[in-house]
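Protein chains in written order, with our numbering: chain A, 1 to 324; chain B, 1 to 324; chain C, 1 to 329; chain D, 1 to 329.
These are computed hints drawn from the structure, not numbers from a lab.
The reader is advised that the hints may include incorrect statements.
To be verified - 20 Å max Cα-Cα, derived SDA-like pairs, lysine to any residue: (1) B:Lys302 / C:Phe50; (2) C:Lys147 / A:Ala50; (3) D:Lys177 / D:Asp218; (4) D:Lys147 / B:Ala22.
What the hints assert, rightly or not - Chain C regions said to be covered by chain D (calculated; three or more residues, Cβ under 8 Å): (5) 165–171; (6) 188–200; (7) 204–213.
Model, not experiment: these values are computed from the prediction.
All C-beta atoms in this analysis are idealised placements derived from N, C-alpha and C, irrespective of residue type, glycine included.
Residues per chain are reported as follows:
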Amino acid sequence: MAETRFARAINQALADAMAADASVILLGEDIAAPGGPFSVTRGLLDKFGADRVRDTPIAEAVIVGASVGAAMGGLKPVVEIMFMDFVTLAMDALVNQAAKARFMFGDQTTVPMVLRTPHGGGLNAGPQHSQCLEAWLAHVPGLKVVCPSNPADAYALLRAAIDDPNPVIFVENKALYAMKGELPDPPPSDRLGVARTARPGRDATIVSYGAAVHTALKAAEALARESVEAEVIDLRSLQPWDEAAVLASLARTHRLVVAHEAVEAFGVGAEIAARMADVGFDELDGPIVRVGAPFMPVPFGKTLEAEYVPSADAVAAAVRRTLA
Amino acid sequence: MAETRFARAINQALADAMAADASVILLGEDIAAPGGPFSVTRGLLDKFGADRVRDTPIAEAVIVGASVGAAMGGLKPVVEIMFMDFVTLAMDALVNQAAKARFMFGDQTTVPMVLRTPHGGGLNAGPQHSQCLEAWLAHVPGLKVVCPSNPADAYALLRAAIDDPNPVIFVENKALYAMKGELPDPPPSDRLGVARTARPGRDATIVSYGAAVHTALKAAEALARESVEAEVIDLRSLQPWDEAAVLASLARTHRLVVAHEAVEAFGVGAEIAARMADVGFDELDGPIVRVGAPFMPVPFGKTLEAEYVPSADAVAAAVRRTLA
Amino acid sequence: MKQGPAVPSRARSNGLPARELRALYGRMLLIRRVEEQLGRLFADGEIPGFIHLSIGQEAVAAGVGAALEPRDTAASTHRGHGHAIAKGVDLDRFFLELLGKQDGLCRGRGGSMHVADLSIGMLGANGIVGAGLPIAVGSAIAHQVRKTGAVAVAFFGDGALAEGAVHESLNLAALWKLPFLAVCENNGWGEFSPTDRQLAATLEGLAAAYNLPWTDVDGNDVEAVTLAARHVVAEARAGRPQVLECRTTRVRGHFEGDPQKYRSTEEASAMAARDPLAIAVKALAALGVGEASLQPEAAEIDARIAAAVARARAGALPGMAQARAGVYA
Amino acid sequence: MKQGPAVPSRARSNGLPARELRALYGRMLLIRRVEEQLGRLFADGEIPGFIHLSIGQEAVAAGVGAALEPRDTAASTHRGHGHAIAKGVDLDRFFLELLGKQDGLCRGRGGSMHVADLSIGMLGANGIVGAGLPIAVGSAIAHQVRKTGAVAVAFFGDGALAEGAVHESLNLAALWKLPFLAVCENNGWGEFSPTDRQLAATLEGLAAAYNLPWTDVDGNDVEAVTLAARHVVAEARAGRPQVLECRTTRVRGHFEGDPQKYRSTEEASAMAARDPLAIAVKALAALGVGEASLQPEAAEIDARIAAAVARARAGALPGMAQARAGVYA
Ligand SMILES: Cc1ncc(C[n+]2csc(CCOP(=O)(O)OP(=O)(O)O)c2C)c(N)n1
Ligand SMILES: Cc1ncc(C[n+]2csc(CCOP(=O)(O)OP(=O)(O)O)c2C)c(N)n1
Ligand SMILES: [Mg+2]
Ligand SMILES: [Mg+2]
């Protein structure tokens with residue numbers, strides 16, 4: 001057991017995966033010599049050499065597209081997109097190539113690549129450096145999407161993502177990079193698609209992922225002071241997501257709130273809510289309430305951004321509303 | 001009143017908008033001299049000249065990005081992306097530039113552009129020429145998204161989209177291009193965000209848009225033979241969408257089905273369902289059932305694609321299920 | 001064959017031996033007859049979707065294909081039948097795919113625009129203009145890292161030069177000295193518009209800008225293409241990425257069914273004079289191989305195709321359950 | 001000033017009159033002092049987010065800015081303060097924006113990376129590398145269609161040359177003969193990596209490929225930049241799109257707070273020798289304008305900035321309701 005920061009856990013997962021498998025390579029802007037804009041890849045160039053840890057030009061379309069070709073050619077590329085907002089420049093490679101190659105070529109190939117990218121606000125980085133766009137990718141058959149909420153999960157899920165034969169989008173909330181947490185020794189392993197109960201409770205279920213899990217936990221604490229015991233489910237994996245776990249929780253609590261930092265409308269929470277309004281309908285004793293960012297670009301100004309990012313108060317209010 | 005094909009109604013809307021406003025220009029691959037791959041822009045080059053009707057290089061990123069700059073510069077560009085699958089190449093321009101310019105520049109400018117693009121299957125065009133990706137764009141604050149189901153709406157909504165000071169994505173289902181319908185004379189005008197009741201009914205509400213409206217209507221006919229009267233709501237506009245109309249229908253029928261051609265998971269229907277599971281919860285007497293494409297790329301083969309595209313049977317079964 | 005400044009000037013070599021030229025002719029004829037057969041099947045409604053035929057461009061596929069080794073990889077375009085055949089795709093499974101059948105190369109899920117055969121390094125046709133280049137660049141990275149000794153080739157059309165991804169790819173290939181070859185099939189058209197109305201640049205100029213050796217060749221002369229391809233493939237294999245531009249002719253419409261109102265009759269006759277098969281026949285005659293002696297091979301090809309078509313017609317349709325199971329590995 | 005082949009060779013002109021050079025010096029000094037002030041405010045935690053300073057690159061902004069008319073439009077980059085100031089942005093509203101205040105140019109919603117002032121044709125800084133070019137191309141289309149007689153300028157860094165959108169833009173501008181000028185600020189760096197490790201191409205070569213006249217200028221010599229810019233702006237205005245490459249120096253880190261471990265002390269001293277302000281001071285001295293006579297202006301600038309900062313600090317914070325109302329027109 002060692003106390004490790006989130007960013008460092010990712011670094012260690014990359015290092016361990018590269019040590020275990022010579023076919024794992026890293027690509028990205030300023031990831032090699034400079035060690036990554038958030039220092040996530042620091043030291044890996046020295047450990048594994050310039051052939052396997054590559055600083056790329058500022059050219060998102062080709063570095064993601066080349067990752068597809070490299071993955072079809074026997075490598076396991078892990079490509080970094082500096083801010084999730086920039087996946088807009090690599091959507092063809094992700095959606096029309098990576099996601100479809102296995103299916104459209106009749107199961108001839110796999111595309112074992114991982115795209116790591118940070119999302120989320122909190123840095124006042126403004127409208128083009130803060131977006132949470134994971135709902136797009138979860139809508140694309142052939143992609144998997146993962147979003148850890150703590151260092152141990154970051155390690156375990158990244159190892160699982162690299163081992164996965166399919167293209168996996170690994171989303172890292174920037175606000176979590178500095179977070180400390182226990183990283184068991186030997187470090188944990190896991191598989192994709194399994195949720196975790198972050199806090200048990202019987203009165204309402206709060207489904208969340210990434211940094212919003214901590215918001216949900218804060219809300220649960222506040223609610224506990226009102227004798228409302230909210231169960232917090234950390235999805236960890238968004239595509240596939242653990243429908244059984246959410247349904248099982250709902251069957252105990254009969255109330256559902258879904259919380260995430262992404263824009264609420266047409267966000268990941270919509271799918272969770274919609275699915276539960278179908279398969280979980282008989283369990284529902286109150287409206288399904290979502291908490292997400294308002295329908296606006298992420299504002300730059302400090303006070304604006306602080307109001308923009310969904311708060312524990314908002315999550316607690318949502319739970320109260322569905323219990324009312 | 002004149003019987004007009006869907007493609008022709010779009011052509012007329014473009015011609016009328018260009019005649020009415022010299023700032024409307026058209027951009028796209030093979031839209032000018034060749035008249036468009038689906039002949040939608042036929043004749044417009046002759047009518048309005050090469051300055052206003054421009055064949056572009058095969059370069060989606062710049063033609064959409066340039067449309068943003070042109071819109072900020074006093075023009076009203078209508079840009080065609082040949083297949084919706086290719087918006088993957090223009091997402092930065094749409095999402096980081098067009099959608100945000102007004103907001104992030106503090107209301108200084110508007111971006112009055114329209115992006116027309118066909119989606120949907122039925123042509124056996126395969127995994128990269130058939131996708132329905134509108135859910136992505138509906139998730140982006142600053143964009144509007146429209147998807148007409150018939151020639152009159154295609155005309156009216158396209159005129160409204162061109163008049164709108166915001167960037168509007170105008171989605172045309174390829175299977176509808178040949179569809180005939182009445183185009184009133186003078187042609188209809190409308191505003192964005194208003195749904196239409198395509199068929200009234202009291203037993204269940206089917207919410208749909210685009211080509212799937214016709215699937216829903218067929219399902220409603222079949223259900224009527226079983227004495228189930230389904231109301232079919234044609235959303236027409238997906239962002240913003242007419243929540244009040246859907247809620248009002250639900251308040252009468254108490255059962256909800258959402259049907260579209262896009263992949264069900266994380267699709268547009270998720271938002272409708274999630275919203276109704278919140279604000280419409282008290283009205284619901286049965287599960288909300290969604291009907292969408294299965295979670296797989298659009299397959300090429302005839303029989304596969306035929307099974308892939310959601311059927312009237314599937315919609316009818318969904319209604320029966322929520323009524324059970 | 002004209003070469004860019006970065007390649008040592010090299011006179012058109014003594015030419016290929018008759019045996020090799022004959023084999024190339026056979027390969028081109030196979031492509032031609034397959035395309036013609038596909039045209040008929042499409043007209044008869046037996047092929048779903050749309051298909052882009054490479055008639056008039058066979059020499060590029062055959063010549064480049066002949067210069068490649070089995071371990072080499074190739075990413076193709078929407079007009080990819082010739083590339084697949086030249087790389088050595090199984091004809092039965094090719095036709096099965098085009099007809100959307102279960103035993104097709106892609107199990108009937110991809111069709112003409114996605115024909116792939118990874119077992120022979122054919123990385124797939126591609127429905128997205130320009131998208132094959134990043135994939136081939138990535139394949140070249142795999143070759144480089146894994147030291148396979150192989151080369152990755154990207155075929156692309158002249159129209160694709162307007163796409164940003166093509167530039168990003170050329171830059172990366174040049175920067176990282178990848179075993180990469182970019183083959184441009186310059187047929188003068190991008191769909192229904194001449195490419196000179198789409199491009200302000202020439203590939204010669206672009207290659208020079210990226211410091212990539214550029215070789216220009218008559219893409220309808222299979223002997224010239226083969227000789228040039230051998231040279232550039234060898235260079236690429238040695239870590240000197242290359243650009244090969246093949247001037248060629250799109251004889252049919254952009255896709256089958258295209259009425260081609262935008263083309264002149266002069267162009268058609270100019271193209272006829274440049275028919276790659278006729279050029280090869282003439283070259284063979286000069287080497288003493290008479291046209292009559294080529295007949296048996298033609299008959300053989302036709303029989304092979306007929307058999308493939310028969311099998312494809314008889315092939316089972318794919319089932320939805322298996323298709324759905326193929327989304328993830 | 002070195003010019004590409006497509007522009008008639010033109011000797012460095014006789015130079016600017018002292019009055020003009022002095023004004024340019026003043027503009028550069030304003031940019032420098034603003035940047036320095038921003039650096040301090042950032043270090044003190046008064047500026048949210050991150051900021052990229054243009055210290056060492058002032059001559060590009062001032063020189064190109066001086067060659068533009070009010071009706072001309074300019075799209076900028078993440079390193080855009082100088083461009084905005086040179087185009088004539090209101091300093092109070094600029095500082096208000098950087099501090100995230102309600103009366104900022106963007107009502108506190110955009111900050112440093114999105115400073116825009118449409119009233120003076122400043123189309124916005126941009127957080128996406130390369131994204132300013134398509135926007136400027138579109139602005140040039142608007143100028144062309146609307147016959148405004150104006151030019152659209154895109155500033156971009158050398159690192160942006162790897163982005164596909166830049167190529168698509170150069171091609172379209174050349175093809176459509178747009179009143180368009182691409183200004184590359186070549187400072188040798190893309191973030192923390194030298195651009196020669198990112199680019200296999202030179203802009204000279206690329207411009208030549210697109211048939212765009214290319215002009216190379218010492219980007220730290222404001223006189224040279226101004227003269228070159230006047231020429232290329234006039235050409236662009238006449239429908240002959242242009243590329244202007246300015247060799248310049250990024251004196252600070254990529255962003256404020258960057259410890260710059262990747263840079264050598266030699267580079268720092270080489271940059272010091274090329275300081276655009278010092279170069280201008282020397283040129284002014286040669287024209288008889290002594291350093292002492294420049295002091296009053298410096299004091300004026302400092303006072304102006306101090307007032308702007310004071311106003312910005314006192315500025316009201318933006319409200320969420322108004323922000324939300326700004327998403328759609
Ligand atoms: C990204 C993208 N844009 C547009 C298209 C539509 N399209 C298919 S082929 C083609 C023309 C391509 O021209 P070229 O690259 O010269 O190839 P050719 O057809 O001449 O072989 C176009 C525009 C596409 N498939 N993908
Ligand atoms: C599309 C995109 N990729 C990456 C980044 C991150 N980034 C910001 S500035 C920069 C370097 C740009 O270098 P250059 O264009 O030379 O401009 P300079 O910083 O030297 O002025 C990078 C990689 C970004 N903002 N946008
Ligand atoms: Mg072509
Ligand atoms: Mg730079």
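So, going through the hints one by one against the coordinates:
1. B:Lys302 / C:Phe50: holds (12 Å)
2. C:Lys147 / A:Ala50: holds (15 Å)
3. D:Lys177 / D:Asp218: violated (26 Å)
4. D:Lys147 / B:Ala22: Holds, at about 12 Å.
5. 165–171: holds (count 6)
6. 188–200: Check passed, 4 qualifying residues.
7. 204–213: holds (count 7)
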